[in-house]
Every structure is written in structure tokens, then in C-alpha cells.
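Here our numbering is used: the first residue of the sequence shown is 1, the next is one more, and so on.
By construction, these hints were calculated from the structure, which means they are not laboratory data.
Simulated DEER-style distance windows between Cβ atoms:
#, residue 1, residue 2, range
1, Ala271, Gly171, 19 to 29 angstroms
2, Ala72, Glu213, 39 to 49 angstroms
3, Glu20, Asp255, 14 to 24 angstroms
4, Asp181, Glu213, 20 to 30 angstroms
5, Ala209, Ala68, 25 to 35 angstroms
Ideal Cβ placement from N, Cα and C applies to all residues, glycine included.
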Amino acid sequence: MTEPRFPIVLVDVSTDDAEEMGARLFELGAEGVEERDDSTLQKGAGGGRATLVASFATPEEAAAARAAIGDAARLDEIVGDAWRDAWKEHYRPFEVAPGIVVRPPWTPYAPKEGELVLELEPGRAFGTGLHETTRLVAGALARNAAALKDALVIDVGTGSGILAFIALALGAARAVCVDIDPDAVAVTRENAARNALAERVTASTTAAADITERAPIVLANIEAKALIPMAADLSRLVSPGGLLLLSGVLTHQRDEVVAAYPALEVVESPAMGEWILISLRAPG
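Turn these sequences into a full structure, and let the hints guide you.
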């Protein structure tokens with residue numbers, strides 16, 4: 001039986017430039033980016049250097065990313081499935097929002113008094129909670145917990161379901177989670193069951209344009225190239241006076257994304273590294 005092969009792009013950069021290049025790789029379609037430097041078992045190019053390992057869904061996408069980056073990048077592939085679980089060694093319980101801890105199923109955690117613990121298995125979906133974009137949205141949800149009280153939240157591009165689960169932990173009554181990836185929908189349902197949230201979560205591949213409900217808080221942690229053409233559909237989902245939380249946006253893309261939502265008012269746009277959150281309020 002032939003073992004599966006997974007395309008990757010390797011990029012050698014200075015450690016100072018690693019974060020910016022990682023953001024660029026995500027912009028070019030990477031499904032995940034690992035930084036290998038002096039803190040990992042597989043070293044980068046030496047002192048002050050790092051190697052970024054970016055995984056892609058198809059060889060064609062990997063080749064296009066390599067061409068866009070140029071001589072600093074090279075194509076490779078990983079044979080077999082074992083590598084897909086290697087990251088689990090580094091995935092530990094962490095506080096994703098004040099008082100809310102995310103832990104993987106394989107690591108026990110004793111919660112402190114008052115802490116809520118979510119058990120998350122990313123599985124085949126993007127969304128461990130470690131990425132800056134997830135943390136940005138989680139922080140915004142915590143700051144707007146009052147608006148979540150007994151409310152509906154809509155999560156477009158749900159991934160593993162982590163942001164919807166955080167909203168539910170903060171007081172939302174139920175969540176409508178959609179993703180174009182059937183694997184993400186399956187993982188979201190599995191994670192909802194893990195956390196006794198299955199009755200409060202609806203997960204499907206329904207397109208944003210086909211969602212009939214409106215919510216006081218709508219989440220879309222995807223990427224700018226999707227947020228811009230989806231602007232009308234996402235804006236329609238927000239209840240009058242509600243919030244639309246957009247992330248997956250690089251700092252230099254802020255103005256372009258904001259311009260696609262002229263009817264909504266910018267409330268805040270905090271940054272974390274190269275990534276930002278854009279919080280927009282609907283009129284009414």
C-alpha cells in the first residue's frame with residue numbers, strides 16, 4: 001500500500017523575519033506553518049536563522065507559493081501520516097481568554113477556581129487556539145460577553161469550532177457554525193459532543209449566503225481574500241446594533257477589508273504580531 005505524500009514548502013529566514021514570512025505563507029494558502037529554529041529538535045540554518053515548514057493541500061498550491069516567495073523557498077514532501085500528529089507534543093493547555101482554558105484530550109488539566117475548561121481536538125480542521133487570529137477573536141468575545149448573554153452567535157469558517165465554544169462558555173445560548181470543509185464540520189460536531197455542547201451547536205456546510213438567522217455577534221476568522229467578496233453576506237447576518245468580528249487579516253490588509261464594509265462602523269482593530277482583528281458594528 002502506497003503511503004500518502006504531503007506537499008510542503010521550506011523557507012529559510014532570519015528569526016527576525018520569521019513571523020512576517022509565516023503570515024505571508026498563510027496568505028499564500030498554507031494550511032499550517034511550523035517554525036524550526038534553535039528551540040526545536042530539527043534545527044534551522046544556525047544562529048539567528050529559522051526554517052519555516054508550510055503545509056499545503058495540493059502540490060500545485062505549494063508550487064505556486066514557492067514561486068511567489070522565490071529563491072528562499074524550496075519544495076519538498078513528507079511521506080506517511082505520522083508527521084500529522086507530531087505537533088501534539090507541543091500542544092498544551094492554555095488560557096485562550098480570561099478564565100477559559102483550552103486543553104487537548106491527551107493532556108489532563110486541573111482547573112483553578114472559577115476556570116472553564118474546553119477540551120479541543122483539532123483533528124482534520126484548522127483551529128487549535130494557538131494562532132494569533134484565534135486569540136484576537138477570543139479576546140474580543142470576552143470584552144463583549146454582555147452581548148453574548150443568552151444570544152445566538154454565528155461562526156463562519158468555524159474550523160474546529162473553538163470560537164463558537166468560547167462564545168458559548170461566555171454565555172451565548174447557541175451557535176450556528178458553518179464551514180465549506182466537511183472535515184471541519186465533522187470535527188466541530190465531535191468537539192461539541194466532547195464538551196456537552198451538541199444540543200447548542202448546529203454545524204453544517206451551509207454557505208453564509210444561505211443562513212437565514214441573524215445574530216448580535218457574528219464571527220468570521222478566515223482570510224482577507226474571502227472576507228472581501230463575502231462582505232454583503234456577512235453584514236446581512238448581523239442584528240441591528242450587533243458586532244461583526246473579522247480576523248485572518250494581515251495588518252497591511254486592514255484598510256482594504258474595512259472598505260468592503262462601508263455600512264458598518266469600526267469599533268476596534270487590535271493587532272497581534274502581523275495579524276489584526278477588525279470589530280465592526282452594524283447600524284441600528
